[in-house]
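A.B. asks: Use the sequences and the hints to build the structure in full.
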Amino acid sequence: MKKPVFIPLFLAFFVLFILVIIPDRWIESLIPKNRISQAATELNPFMFQGKYIQQQMLDDSRYLPIYGSSELARLDRFHPSNYFQEVHEDFTPFLIGRGGTESLIHFLNFSEHINQLKDKKIVFVLSPQWFNPKGADESHFVPNYSSLQGYDFAFNQQIDPAVKKQAIKRLLTYSSVKNDPILSTLYKAEVTNDPWTKREASALRPAALVYRHLLEKKDLYYSLAGGFSRHRDLTPKVRNKSWNELAQEADQFGAKRATNNHFFIVNSQYNKIKGFIPSLKNKDLNRSYGVSKEYGDFQLVLDVLKQAGAKPLFISIPVNGHYYDYTGFPKEGRTAYYERIKKQIAAEGFQVADFSGHEYDPYFMKDTIHIGWKGWVYTDWAIKQFYEGNNINVAMANH
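So for the sequence shown, full-length UniProt numbering puts the first residue at 1; every next one is plus one.
One thing to keep in mind: the hints can contain errors.
Pairs of lysine-lysine, DSS-like flavour, derived with a Cα cap of 30 Å [what the hints assert, rightly or not]:
{"#": "1", "residue 1": "K188", "residue 2": "K218"}
{"#": "2", "residue 1": "K342", "residue 2": "K256"}
{"#": "3", "residue 1": "K331", "residue 2": "K274"}
{"#": "4", "residue 1": "K306", "residue 2": "K384"}
{"#": "5", "residue 1": "K283", "residue 2": "K272"}
{"#": "6", "residue 1": "K198", "residue 2": "K188"}
{"#": "7", "residue 1": "K217", "residue 2": "K165"}
{"#": "8", "residue 1": "K33", "residue 2": "K218"}
{"#": "9", "residue 1": "K311", "residue 2": "K293"}
{"#": "10", "residue 1": "K134", "residue 2": "K256"}
{"#": "11", "residue 1": "K217", "residue 2": "K118"}
{"#": "12", "residue 1": "K306", "residue 2": "K188"}
{"#": "13", "residue 1": "K165", "residue 2": "K384"}
{"#": "14", "residue 1": "K342", "residue 2": "K121"}
{"#": "15", "residue 1": "K342", "residue 2": "K120"}
{"#": "16", "residue 1": "K169", "residue 2": "K218"}
{"#": "17", "residue 1": "K134", "residue 2": "K342"}
{"#": "18", "residue 1": "K384", "residue 2": "K121"}
{"#": "19", "residue 1": "K121", "residue 2": "K165"}
{"#": "20", "residue 1": "K241", "residue 2": "K134"}
{"#": "21", "residue 1": "K256", "residue 2": "K237"}
{"#": "22", "residue 1": "K218", "residue 2": "K118"}
{"#": "23", "residue 1": "K342", "residue 2": "K384"}
{"#": "24", "residue 1": "K134", "residue 2": "K165"}
{"#": "25", "residue 1": "K237", "residue 2": "K384"}
{"#": "26", "residue 1": "K120", "residue 2": "K343"}
{"#": "27", "residue 1": "K178", "residue 2": "K134"}
{"#": "28", "residue 1": "K178", "residue 2": "K218"}
Treat the hints as calculated values from the structure; they're not laboratory data.
C.D. replies: This is the structure we're talking about:
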């Protein structure tokens, strides 16, 4: 005899109801005390798109947040998370970002935690490839967008109104925002004088608040579940060495792993592209990173960090000059980016470690665009100088 269909459906709704009504503080009490330290290198997108874990991390002075994108997942022995753990530094890097987490995604995240960023030292790794003419496209934005952060932003009354309006106009160009009938209405009411839209937004606010609470609840359950640990190349071989010795070791390490090409690309990555290398010759003629919508998005990042009173260090990494020359990407199109981004950061009074002079430095990059072994050594050095309160520009001039 078949069971009535409504029984499992009823049970599913009953379980969901129980999960929703459980008080938040009960769920928080179940989250393991070591969850924050575990999350520091998990690179779990649920953590990026949530807020509970990051709130706890930002309240703990032991953690130094490092924001970036796909380069953060290259956890070799020279990576900041591994290096600073091995040398028993006073701080623990906490990684936030994956492929596609570009300026606008980071802006929403910083806006979420604006009250926790005052005098907080953070590191922000910039990637030149973000700055293509159109900026972040749908394929990069949508998978990394956080509905929770999006709804919290709608109710955020602390962000400078002019900055908020500019951000909303940009956010409304993406499908995950404009196709959300509640959120898009709330956003449109912020940037229009139309009375009907404002009345509609007022009517939808209670529903938006309920939905936001459900998203907060989901974040707590994800925080309880945790993520998966990543393979890390932890070794005591990096201890008790000068920066020059570490750079030499990184050279040797890279030389053993980039042997089958003249671009100094790690073998495993080069093997993926070698079949169509001839077709890449001069494919990027007339391109430039000097003009892009991303500069406007990045200015939003600078604006919110300045308003929050944060103390960021920006890491400006280069591209692989050997490979970019092969593809015909003009040198001036790269230089325009390096110079513009440096000026944009300096205009806000923030520090930047400019590594653009290392385009042709062997093993500074691991592949065509991602920082590699020697690049991490230089980054570690810059982070150390910054954390100890040294002016990075003076330190780099004397290094």
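A.B. asks: Does each hint fit the structure? Answer for all of them.
C.D. replies: Hints, one by one, checked against the model:
1. K188 to K218: 26 Å, holds
2. K342 to K256: 34 Å, violated
3. K331 to K274: 23 Å, holds
4. K306 to K384: Given pair K306, K384 holds - Cα atoms ~22 Å apart, limit 30 Å.
5. K283 to K272: Roughly 18 Å separates the two Cα atoms, so the pair holds.
6. K198 to K188: Roughly 8 Å separates the two Cα atoms, so the pair holds.
7. K217 to K165: Holds - the C-alpha atoms of K165 and K217 are around 28 Å apart, at most 30 Å.
8. K33 to K218: Cα-Cα ~19 Å, so holds.
9. K311 to K293: 25 Å, holds
10. K134 to K256: 38 Å, violated
11. K217 to K118: Holds - the C-alpha atoms of K118 and K217 are around 27 Å apart, at most 30 Å.
12. K306 to K188: The given pair, whose Cα atoms are some 26 Å apart, holds under the 30 Å limit.
13. K165 to K384: Distance ~37 Å between K165 and K384 Cα, so the pair is violated.
14. K342 to K121: 19 Å, holds
15. K342 to K120: 21 Å, holds
16. K169 to K218: 27 Å, holds
17. K134 to K342: 20 Å, holds
18. K384 to K121: Answer holds: K384 to K121 is near 12 Å, not above 30 Å.
19. K121 to K165: 27 Å, holds
20. K241 to K134: It is violated: about 44 Å lies between the C-alpha atoms, which goes past 30 Å.
21. K256 to K237: At roughly 16 Å apart (the allowed maximum being 30 Å), K237 and K256 satisfy the hint.
22. K218 to K118: 28 Å, holds
23. K342 to K384: 20 Å, holds
24. K134 to K165: Distance ~20 Å between K134 and K165 Cα, so the pair holds.
25. K237 to K384: 19 Å, holds
26. K120 to K343: Holds, because 23 Å separates the two Cα atoms, which is no more than 30 Å.
27. K178 to K134: 18 Å, holds
28. K178 to K218: OK: K178 and K218 at ~22 Å, within 30 Å.
Violation of the numbered hints given earlier is confined to hints 2, 10, 13 and 20; the remaining hints are satisfied by the structure.
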